[in-house]
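Asker: For this one, chain A is given, so just place chains B and C on it according to the hints.
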Amino acid sequence: MNEKIKKNLERLKELNIDMFGKDFLLTWDKTDDEIEATVLFTEILNEMHKNNISTKVFDSGIAVPIFRDNSTRTRFSFTSACNALGLGMQDLDEKKSQIAHGETVRETANMISFLADVIGIRDDLYIEEGLKYQKEVASALDFGYGEELLHQRPTVISLQSDVDHPTQSISDLSKIKDYFGGLENLKGKKLVMSWGYSPSYGKPLSVAQGMIGLLSRYGMDVVLAHPKGYNVMDSVLEVAKENSKKSGGTFTVTHDMKEAFKDADVVCPKSWASYSVMEQRRDLLHAQDFDGLDALEKACLLENKEHVSWEYTKEIENLTNNALYMHPLPADVTGLNCEHGEVSREVFDANLKETYHQASFKPFAIMSMIWLSKFKNPIAKVEELLEKNTPRLNK
Amino acid sequence: MNEKIKKNLERLKELNIDMFGKDFLLTWDKTDDEIEATVLFTEILNEMHKNNISTKVFDSGIAVPIFRDNSTRTRFSFTSACNALGLGMQDLDEKKSQIAHGETVRETANMISFLADVIGIRDDLYIEEGLKYQKEVASALDFGYGEELLHQRPTVISLQSDVDHPTQSISDLSKIKDYFGGLENLKGKKLVMSWGYSPSYGKPLSVAQGMIGLLSRYGMDVVLAHPKGYNVMDSVLEVAKENSKKSGGTFTVTHDMKEAFKDADVVCPKSWASYSVMEQRRDLLHAQDFDGLDALEKACLLENKEHVSWEYTKEIENLTNNALYMHPLPADVTGLNCEHGEVSREVFDANLKETYHQASFKPFAIMSMIWLSKFKNPIAKVEELLEKNTPRLNK
Amino acid sequence: MNEKIKKNLERLKELNIDMFGKDFLLTWDKTDDEIEATVLFTEILNEMHKNNISTKVFDSGIAVPIFRDNSTRTRFSFTSACNALGLGMQDLDEKKSQIAHGETVRETANMISFLADVIGIRDDLYIEEGLKYQKEVASALDFGYGEELLHQRPTVISLQSDVDHPTQSISDLSKIKDYFGGLENLKGKKLVMSWGYSPSYGKPLSVAQGMIGLLSRYGMDVVLAHPKGYNVMDSVLEVAKENSKKSGGTFTVTHDMKEAFKDADVVCPKSWASYSVMEQRRDLLHAQDFDGLDALEKACLLENKEHVSWEYTKEIENLTNNALYMHPLPADVTGLNCEHGEVSREVFDANLKETYHQASFKPFAIMSMIWLSKFKNPIAKVEELLEKNTPRLNK
Chain A
13 MNEKIKKNLE
23 RLKELNIDMF
33 GKDFLLTWDK
43 TDDEIEATVL
53 FTEILNEMHK
63 NNISTKVFDS
73 GIAVPIFRDN
83 STRTRFSFTS
93 ACNALGLGMQ
103 DLDEKKSQIA
113 HGETVRETAN
123 MISFLADVIG
133 IRDDLYIEEG
143 LKYQKEVASA
153 LDFGYGEELL
163 HQRPTVISLQ
173 SDVDHPTQSI
183 SDLSKIKDYF
193 GGLENLKGKK
203 LVMSWGYSPS
213 YGKPLSVAQG
223 MIGLLSRYGM
233 DVVLAHPKGY
243 NVMDSVLEVA
253 KENSKKSGGT
263 FTVTHDMKEA
273 FKDADVVCPK
283 SWASYSVMEQ
293 RRDLLHAQDF
303 DGLDALEKAC
313 LLENKEHVSW
323 EYTKEIENLT
333 NNALYMHPLP
343 ADVTGLNCEH
353 GEVSREVFDA
363 NLKETYHQAS
373 FKPFAIMSMI
383 WLSKFKNPIA
393 KVEELLEKNT
403 PRLNK
Chain B
13 MNEKIKKNLE
23 RLKELNIDMF
33 GKDFLLTWDK
43 TDDEIEATVL
53 FTEILNEMHK
63 NNISTKVFDS
73 GIAVPIFRDN
83 STRTRFSFTS
93 ACNALGLGMQ
103 DLDEKKSQIA
113 HGETVRETAN
123 MISFLADVIG
133 IRDDLYIEEG
143 LKYQKEVASA
153 LDFGYGEELL
163 HQRPTVISLQ
173 SDVDHPTQSI
183 SDLSKIKDYF
193 GGLENLKGKK
203 LVMSWGYSPS
213 YGKPLSVAQG
223 MIGLLSRYGM
233 DVVLAHPKGY
243 NVMDSVLEVA
253 KENSKKSGGT
263 FTVTHDMKEA
273 FKDADVVCPK
283 SWASYSVMEQ
293 RRDLLHAQDF
303 DGLDALEKAC
313 LLENKEHVSW
323 EYTKEIENLT
333 NNALYMHPLP
343 ADVTGLNCEH
353 GEVSREVFDA
363 NLKETYHQAS
373 FKPFAIMSMI
383 WLSKFKNPIA
393 KVEELLEKNT
403 PRLNK
Chain C
13 MNEKIKKNLE
23 RLKELNIDMF
33 GKDFLLTWDK
43 TDDEIEATVL
53 FTEILNEMHK
63 NNISTKVFDS
73 GIAVPIFRDN
83 STRTRFSFTS
93 ACNALGLGMQ
103 DLDEKKSQIA
113 HGETVRETAN
123 MISFLADVIG
133 IRDDLYIEEG
143 LKYQKEVASA
153 LDFGYGEELL
163 HQRPTVISLQ
173 SDVDHPTQSI
183 SDLSKIKDYF
193 GGLENLKGKK
203 LVMSWGYSPS
213 YGKPLSVAQG
223 MIGLLSRYGM
233 DVVLAHPKGY
243 NVMDSVLEVA
253 KENSKKSGGT
263 FTVTHDMKEA
273 FKDADVVCPK
283 SWASYSVMEQ
293 RRDLLHAQDF
303 DGLDALEKAC
313 LLENKEHVSW
323 EYTKEIENLT
333 NNALYMHPLP
343 ADVTGLNCEH
353 GEVSREVFDA
363 NLKETYHQAS
373 FKPFAIMSMI
383 WLSKFKNPIA
393 KVEELLEKNT
403 PRLNK
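Chains as they are written, first to last, in our numbering: chain A, 13 to 407; chain B, 13 to 407; chain C, 13 to 407.
If we strip away everything but chain A, and leave its shape as in the complex, we get (with noise of 0.2 Å):
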């Protein structure tokens, strides 16, 4: 057997956890050993995948991808994740349906679940209403799985919602631990999350807040840097504070990029809108008030435009202790797709391996989170896998 899976299963014999027929909406919702267990499948999955064993579980069922906002990355992260398991998908495509209008959410998401067996939700447009909607959307599956009108409660991922983008976070920690051979050797790092300047505004808050959700268990340093005025979710800083006290790492808000970056161990640059545009964008949104959107966006431009600054140069990257540089992608890349943006072209090019990579776990992670929710004992099944050793494509 592969060293590594050996080596995650082994490890996997020693955590205590419980997510056997649960969602995942929120990392702060999962312990730590849940966490890592969540990791440790990651790599299981994607070393299967690499050394072309099959994962495929499902002899039939489908998955529901629900996207309310655009998506590329995640929409092919969840499809391919849930095609290696052996789901076939059905989009919900919410313009031709009634879903939109909550009275409804609990009929439609019965409705398109009796044969379903993952329901992947993106809504991170509508502040403070995104995860309210994927929790009615899991509570409506309660109801109907416990009425039996359902044979099986279909599991709720978050591919992304106003607080928290899980499967970006637990991919962003897998290359994390990837990168520094070990989440044990995280602690003492120091870890950046930082707003960068972007010629765009309106951009959720959900992966920073993701990222400081989830890299404060570590006994990391981490950082949150961003201008006055885009603050996040106050719900999130108490998860990160926490988090940071819990595990012996500490847990700072500045407004200063260079301090920031200074003696850095992982940096993320990454632009988003601030709370209180969130909330004026929303209300615009749902009164259809396009004139007023149209305003609201010339005057975040010109705020943004006060920090063209916060670009992450090689200049910057010098103030760094030779920092891993991370992305969700796609980035804004000065002189690349835009004029200024949140990292120079000389940084980003140097780095796109790395991106990259950090990327590439996405698949898995998602297979991981369903394999947790879906398998009593998931260990086993993942050794009953490797035992039959059914290629995944017999060249």
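Incorrect hints may appear among the rest.
Straight-line C-alpha distance at most 27 Å; calculated DSS-like pairs for lysine-lysine [as the list claims (entries may be wrong)]:
no., chain 1, residue 1, chain 2, residue 2
1, C, Lys187, C, Lys215
2, B, Lys326, B, Lys270
3, C, Lys19, A, Lys407
4, C, Lys62, A, Lys407
5, A, Lys16, A, Lys365
6, C, Lys62, B, Lys393
Pulled from the structure, derived: some chain C residues nowhere near chain A, Cβ distances all over 12 Å [what the hints assert, rightly or not]:
no., residue
7, Lys25
8, Leu97
9, Asn122
10, Glu141
11, Tyr191
12, Ser259
13, Asp268
14, Gln300
15, Asp303
16, Gly304
17, Thr332
No lab work stands behind these hints, which were simulated from the structure alone. Glycine included, C-beta positions come from ideal geometry on N, C-alpha and C.
Answerer: Same frame as chain A, but now just chains B and C:
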């Protein structure tokens, strides 16, 4: 073996059916035995899914949904059914094809079918055209298969036409059978298919037509109730009359709502447009006369408003014999998604589980139709799968 | 074993091919042996499907269609082919992605490919850009696979570019081989690829280019006929000339329609735009100059009208040597879907079966291309499946 499945297989062996290689467009094209077989397989396949027994019979092959009207429930039912049988999906998006031009239906129907096993068609917007289109596709496939251009003849399943909605009515019949404990218990029961007020217009007639065209087979007292002017197709009235006569039941049309619901055992209050409105709408749609369509909509909504009292309320329900409330969903519910609708919120909420349960039969009804069309010996095929007992998901 | 399959496998063992891990973008990138192998596997996979023998070789994995132009036939062929091999589908909808910006082709190509085995690309609207884009994707995948960011290198299949349409021309060659009973019987036969009048403009040149670029390999007298001004790419003319010389055939360009068709054995009358129109169109599309595009369309349609006599009629057919009529479909048929078109209804209807039969090869041509790219020993793989003899649908 599961007792329900066993009982159904025994009953099936007493039936005389000829469904191999046949399409399913109208329930009244099928004999009583064939309809019963369709319900029995609906139940068997439902039980197999509930008991985690694989129903996968296709190693590969595609199913083609052609939706000429938006759909969530039927689309998910069709995808779920085809996936559970082992088929992949490829939508025909007519906006990107030539098939809309009548001249080339033959061509496109064949071009999409070289490796297709099932074609599901929803075409209910254009009165006197939907069923014709379904038959034109079927005839084009007969040509391609007859000339050996296609290796296999895809089965055409109606996912609703202007005339009938067989996947809905077979689901409804399955629910009614389940509720009363057997088709033999329907004799003498009163079933009311009633028009209901809705603040929209242009809903297809085919739900009502499908219900009276099928449920009139079982010796029930079938009542079709609607305000004057909301008549359905004469040809379907004839089917219902004929069926009632043969089965020893009655078929009545009334415009008196309260009289209709009195002592009813099963009720389905549901809005539809009148035949003459659908004719005008079709002609305006063909002419792309959007002003005309707006004017028609306004006139219809005004006319509908005169019948706002056609709401199924607790008061009306009290007139019935504690009737089973049915609806194909989504319903227009007073105070939930509209000001005045087909049903009061009180009644709707009290019957939520029943309507969801009714809906749960549809994927299995579609599977049953495909099963009966694909296997020369559909009973032996189920027995073979039960013998194998492959788990759908081996937890 | 099926005699046809047996014969093809024997012939395959005599061929010298190097197609493992290779893309399929241009037929003239392949040797004569490789083209023949592609046709032989097209026929074998077709026979296997006809005889209900499973061709499923992938346990899981996705195929990604990228359609930069609308498509029905090619889309269904691609989905059908990939499904029959065991792959799931995930469309890349460029309107929802970043891939359209040249700068990030490398990124998106890798992001969608972590679990992808095949990428099919149709990009025929922009002259001098389609093939370049296909090559850019291929090169991006070389990077990702080379850097071990991808576990497998997805095979890129051209589903039509501005230069070639290999899945079409391989289907055409398969049909011609079938019609004349073998490639060895094509020597000395006269094939006419002719422009045809159409009341539309801007059709890609690549069907004509694909035909002359491939069919010039077999010692035929290949004639390219079109009105002055409707010239195709010089580089492809060179390919056709070179091929003809090597194979002992001839290649002629003429502007005299009747002369062209005289004594022809195979004809393909089909509209296309001139190279210079495609250049103007490309530039106007890039500039989003919609008034300019309207003006160009009007000018082109007027110019086309001068050549309304380029219609393939019974009278013209009578000049030929009872020629096989070919068309990739859909055709512009006089009196069927336009007032004047590429072909008279009489001739089109009389040859319906032949054109449908021609089309039926495409899904298997695509399967063949994937097969040859995925297996080091594609012959042994077929023999393995024939040995297993798993039914596609066990009736």
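Asker: Now tell me if each hint is right for this structure.
Answerer: Tested hints:
Restraint check for Lys187(C) and Lys215(C): the C-alpha separation of about 23 Å stays at or below 27 Å, so the hint holds. Distance check on the hinted pair: Lys326(B) and Lys270(B) sit about 12 Å apart at the alpha-carbon level, within 27 Å; holds. With a C-alpha separation of about 23 Å, the suggested pairing of Lys19(C) with Lys407(A) holds against the 27 Å cut-off. Between Lys62(C) and Lys407(A) the alpha-carbon distance is near 24 Å, which keeps this suggested pair within the 27 Å criterion.
Taking the CA atoms of Lys16(A) and Lys365(A), the gap is near 22 Å; set against the 27 Å cutoff, the hint holds. Restraint check for Lys62(C) and Lys393(B): satisfied, since their Cα atoms lie roughly 22 Å apart, inside the 27 Å limit. No Cβ of chain A approaches the Cβ of Lys25(C) within 12 Å, the least distance being about 19 Å, so the stated non-interface status holds. At the 12 Å boundary, the C-beta of Leu97(C) falls inside the reach of chain A, the nearest C-beta of that chain being 9 Å off.
Against the 12 Å criterion, Asn122(C) falls within the reach of chain A, whose nearest CB is about 5 Å from its own CB. With a minimum CB-CB distance of about 19 Å to chain A, Glu141(C) clears the 12 Å threshold, and the non-interface call stands. At the 12 Å boundary, the C-beta of Tyr191(C) stays outside the reach of chain A, the nearest C-beta of that chain being 35 Å off. Every beta carbon of chain A lies more than 12 Å from that of Ser259(C), the smallest distance being close to 34 Å; the non-interface claim holds.
Even its closest Cβ contact with chain A, about 51 Å, leaves Asp268(C) beyond 12 Å, as expected for a residue assigned away from the interface. The Cβ of Gln300(C) lies farther than 12 Å from every Cβ of chain A, with a closest approach of about 19 Å, so its non-interface assignment holds. Residue-level check passed: Asp303(C) sits 25 Å from the nearest beta carbon of chain A, beyond 12 Å. No beta-carbon of chain A is positioned within 12 Å of the beta-carbon of Gly304(C); the least distance is around 27 Å.
For Thr332(C), the shortest C-beta to C-beta distance to chain A comes to about 47 Å, beyond the 12 Å cut-off, and the non-interface label holds.
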